[in-house]
Amino acid sequence: MAAYGVSTCGNYLNLVALALFTYEVTGSGLGVGLVAALRLVTGSLAGFAAGALAARFDRRRLMIGADLAQVVAMTVLAATTRAADVVVLGCAVAVLGAGNSLFTVALRSAVPDVVGAAARVRANGMLVTAKSVAMVCGFAGAGPLIGIGGFAAAFAFNAATFVVSAVALALIRFRAHEPADVAPATAGAGLTLAGLAPVVLLMLVLRGVDAFASSSHNTALPVFAATTRPDGAATFMSYFWVAWAVGVLCAHRVVTRWGGLGTAHRLERAFGLATCAMAVSFTLAFTGLPEIAMALVVLVAGLADGVTEIAYVSRLQEAPDHLRTRLFGLSATIETSGFALGMAAAGALLEVLPALAVVGLLHGLALCAATAFLLFTTRSSAHGSSGGTRRRERARAHHLPRS
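Everything in the sequence shown is counted per the working numbering, starting at 1143 for the first residue and increasing by one.
None of these hints come from the bench; they were simulated from the model. The beta-carbon is built from N, C-alpha and C at its ideal position, and this holds for glycine as well. Hints are all accurate, no fakes.
Distance ranges between label pairs, derived from CB positions:
hint, residue 1, residue 2, range
1, Leu1313, Ala1261, 11 to 21 Å
2, Leu1495, Ile1290, 36 to 46 Å
3, Leu1313, Thr1370, 40 to 50 Å
4, Glu1166, Thr1370, 26 to 36 Å
5, Ile1290, Arg1521, 50 to 60 Å
The task is simple: from the sequences and hints, build the whole structure.
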């Protein structure tokens, strides 16, 4: 867990360093956008392959391989900062995008093997907590590190975090994934898939819509900060993200107090309700509230964001092993593609609409999708309960003594 946090901290620090370095190399905002798009596209494409690879090969080795590939990419980039080359930059970014997708799919698929199915919700909560702490530390540390050691120091630090992660994974021992596990009995697998497919597919769709909507506040925040606090936009953005991170940190504790969301139905409802809360909260944050009120609203958004991730990942991990990896591969592709499309849409809309309208429009779409998802799960649950009641009544009637 600590190694994952260190690696993630390096990733968030690298987001800042890469954006600034890309601008220095290309000299244009378009160049920054294209390089960011390259990372998203390679990550999205890698999601397709990641599911198949994680199903066929040992997941721990895949994660180590992804870490080592990113070590090489960042080391090369750190060594060539003085003679910056667009091709080298593009190759490094492509490796980072693909490596991150492969690592995420393998990690999410492996959690039940590492901690056991019963403890997966708690483990996912700890991963979300580590991710939020890493985000704050990475963003906060990027400026000082680049200021002291330049881009080479930032890239070298990120490479070192991948080394830490790879070494930690090499020391961990958990149940290896065997190819023989991939092909269970066909009839049983078919029944399981038939029971899971509707709600799981809807969760994947809602997750993609949520990623599409979430890109709006990420894209609109710099614009909103510049208009709200022209003399302190950077401070305003830091205030915003710190409040969000505090909310995410609370998510694990809240889920634990709810009893761990132990059943599939509770995970589904928590996912839908938290998505609604997140959409409403992020929209309210752009209405021009006083700073304390805005911080509270953003904290709620972060809390909801953390709960959605814990519930979503934990629910997908309930799938049979041979389906789990492919679900997470598909999920990585959907999330990355949704975020990329959302960035493009939000950027275009910001040319003609204010930040509040853009955020409200895209998060309104997520709110509608989440509401539809909740209606579906509620109706399915009610139908299942009534069906079970009728079956029990028929069974009792069948066993009544005849006069």
